[in-house]
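**Q** Using the hints, position chain B against chain A.
Residues per chain are reported as follows:
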Amino acid sequence: MSDKILTKDSAASFLAGLGGERDLFAPALAEGKLAWAPLEPGREPLWEFSNTQMSPKEFFFPQTECMMRFTNQQDGEQGMIMRPEPELARERVLVNMRPCDAKAFGVLDLIFCQDEVTDDPYWRDKREKSLIIALACNDPCPTCFCTSMNCGPHSEAGADVLLTDLGGKLLVRGVTDKGEAAIAELPEAVPEDIAAAASAKEKAEAAITTSVEMDQVKAREVMELYEAPHWDQVQESCLNCGTCTFCCPTCHCFDIQDETQGAAGRRVRNWDYCMSWLFTQHGSGHNPRGAKKDRVRQRFMHKFKYIPVKRGGEIGCVGCGRCVQLCPVNIDVREVVRNMNA
Amino acid sequence: MDNQALTQGIREAASRLLAEGTVDCVLGYQAGTVPMRERPFFAYNPEEAQRLIWSGFCCNNLADFLIRRPAGEIGKVAVVAQGCVSRSIVGLIKEHQLTREQVHVIGVASPGMLDRDKVQALVGPDKVITAAAEEGDELVVEGPGFNQRIARNKVMRDNCYTCVQRNPVIFDELIGGESEPTHGGVIDKVAAPWERLDPAGRLAAFAENYQDCIRCYACRDACPLCYCHVCFVDESSPQWCGKTQDESDVLTYHILRAFHCAGRCVDCGACESACPQGIKVRRLTSKIEKDVREFYAYAPGLELESVPPLSMHRPDDPQGFIK
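Chains as they are written, first to last, in my numbering: chain A, 1 to 342; chain B, 1001 to 1323.
Chain A with its partners taken away, still in its complex shape:
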C-alpha cells in the first residue's frame, strides 16, 4: 500500500494516461441527474457530488445481458450450435466510484465467484477488466449509514485505488496490486498529506448521522428473525415494486430467458427482484413466497441474515441509502433493521 499525491490540475492528464487502451467512466451531471457516463480523456471528472442515483452495478452485471446465441437445427447435421458472446473488448477505468459501491462489488465477488463450480464468467470478465478508482466521501448524506454496514465513507474495500480529496490535490492510495501499478509514476505523498487524509476520514465518519445496530440480528437464530411480528407492519405499505432492488448496489438476482425466432435465438439474463411474485412462482403453480409479506421479509433477511451467515459475516448492504431515498412508499431499511435488532 503506497500513498501518492495528485494535484487536481494534473488529474485529467493522469487519467488520460490511464485511458489509452482503456475506456474511462465517471459520475457526471446530466439533465439534473447524477449518472455514470463516459469520461473523455483529458477532461476533469466531477469531484464534488453525493452519489449517482443508480448504482454502478450495471458495469459488471448489466440489467440485460446476452449469455450466448444459438441455432437449433436438431433435425439437420449440425444439431444445436451454441456460440459464446464476445468478452468485454476493452478494459475500463471507473473513476470516482464511491467507497460504498466499491465495497458492494467486493461483496458480490463472494457470490458470483465462490469456487470452481460457482464462478460466473460474465461477472469475472468485467471485474478483471476494470480498474476501480474510488473517491472517499467527505460529505456523507443524511441517508448514509455505511459505517454500520462493514463499510465507511473512506472504505478501501473493493477499490483498486482510493482518492481522498484534500482541496486542490488528492491523496492517492494504492489498495490492490492493480491499483499500485496504475499509480506507480505519481509522486509520493508527504506525511502532512497522509495526516490530512486521516483527519478527513475521521471527520467524514463522524458526519454519518444515522447508525444501525446489528448485534441482535447476528445473535438471533434465523427462525426467530423470520417469525418476528414486525414484518406484518413493514409489508403493509410495500408496493412490491423493484425500485429498492434495482437501485441497490448489492442486489444481484436475475432471471434467464431464451428468446427464439425460428431456429435462432439468444439466452439472456435480466435483473429480477424478490418483491415480484413471479420470481418464485414454480412451474407447478406453487409459490413458496406467495404472499407479499414473504417477499418483503425475504429481501431484508437475505441482506442482513442469510448473506452474513453464508459469507463469513459480510452484509448484503453497504449503507448507501439509495433505497431510503427512492422507495415510493418510504420503507426505510434502517428502520427495518432496527426492528429486526430490537
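Warning: the hint list may mix true and false statements.
To be verified - With a straight-line Cα cutoff of 25 Å, these simulated DSS-like cross-link-like pairs (lysine-lysine) come out:
| no. | chain 1 | residue 1 | chain 2 | residue 2 |
| --- | --- | --- | --- | --- |
| 1 | A | LYS169 | A | LYS8 |
| 2 | A | LYS293 | B | LYS1076 |
| 3 | B | LYS1323 | A | LYS33 |
| 4 | A | LYS201 | B | LYS1127 |
| 5 | A | LYS8 | B | LYS1127 |
| 6 | B | LYS1154 | A | LYS33 |
| 7 | A | LYS33 | B | LYS1127 |
| 8 | B | LYS1127 | A | LYS169 |
| 9 | A | LYS33 | B | LYS1118 |
Keep in mind the hints are simulated off the structure, nothing from the lab.
**A** Leaving out everything else, chain B in the frame of chain A:
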C-alpha cells in the same frame, strides 16, 4: 386551512372512527423518514391515529391499498382522500372492486401536491435537502449552507396544475372544507405534447421519454387501476412480453399499460411520483384520456352513476380511429 389544522382534523376523525368501531383501519399518511416523502400509514387504534399527518408531499394514491390487501382481510376501511383519490375510489366501485359501504372516505381538498424532483432541481440537483416545510403558499427548503423559500406554485406536480377536481367527489366527512375546484390549468392544452409530431417524431419522443426506464414497475404498482391478478408483463405460460431492456420490450410495457388504463385514469400522478427515474409517465395516459374525452365526452371517476365508455358498446360510438 393549514397543514397543522388538517393534520389535527384527520387525527380526530380517525381516532373517533376507530374508537367507535366504525372502521377497522384508517388508511392515511405518516411523516416519512426523509424530507419531501410522506408514507402510507395504516392506523388500527386511536393511539396510532395520532401518527397521521397531512402535507403537500402526500403523493401516494391511497386507493391503491384498498385493492392490494389480501382478500378476506379487509373489513371496513377509512381512507384519507384528495379529489383524485376519491375519483379512484369511484372508479374501483364502478369496476366492482369495492362497494361504497366498505369504505369511509375522509375527504381533504387538495391544494396541489408537490413534486420533490422539481424542488431538488430548483435548489440544485446535488444539494442535500434536510428539511422542507410548507408555510402558506411557500415551501421552505433547508440544507447545509442554504435556506430557500420557493413558491408552492412553482414546484407542484404536473398533474396538479391541470386538476379538474381538487375536492373529493364522494366523502363521508370532509376535513377543512372545500377549496377552489380546479387549479386553473387546461389539461387539453398540455395533454398530448406529441400530437403535433409526425409518426417518426412521435416514436422518437416516446422512446426518449422512457429511455431511463428500469422496469421496476413502480408506476404500475403505485396505480390503483393496476389490480389485475396477473399483469400482462408477468404472464409466463406462455410469456406475453419480453423481459429485456431492449427498447421494443420497454415500450411494449408502457404502451400496453397505458392503453389498459384508457377511460379509467384520473390523472392522480401517483405513477410519476413513484418513478425512481423521474419519467414523465403521464405523457401517454394523458393523451389517451384526452381522446376519451373527445370521443365519448367522458372523464373517469367524477360520479358513481355513468357507465365507463370502454365497458359498453353503442352503435353510434366513434369509429374513425379504426383504419
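**Q** Determine for every hint whether it applies to the structure shown.
**A** Evaluated hints:
Annotation: proposed proximity of A/LYS169 to A/LYS8 holds, straight-line Cα distance about 5 Å (limit 25 Å). For the proposed pair A/LYS293 and B/LYS1076, the alpha carbon gap of about 21 Å is at most 25 Å, so the pair holds. For the hint pairing B/LYS1323 with A/LYS33, the CA-to-CA distance comes to about 41 Å; that exceeds 25 Å, so the pair is violated. This hinted pair checks out: A/LYS201 and B/LYS1127 have alpha carbons roughly 21 Å apart, not beyond 25 Å.
Taking the CA atoms of A/LYS8 and B/LYS1127, the gap is near 22 Å; set against the 25 Å cutoff, the hint holds. Taking the CA atoms of B/LYS1154 and A/LYS33, the gap is about 20 Å. The hint holds against a cut of 25 Å. As the CA atoms of A/LYS33 and B/LYS1127 are separated by approximately 12 Å, the hinted pair is consistent with the 25 Å bound. Annotation: proposed proximity of B/LYS1127 to A/LYS169 holds, straight-line Cα distance about 23 Å (limit 25 Å).
Between the alpha carbons of A/LYS33 and B/LYS1118 the distance comes to roughly 12 Å, so the proposed pair stays at or under 25 Å and holds.
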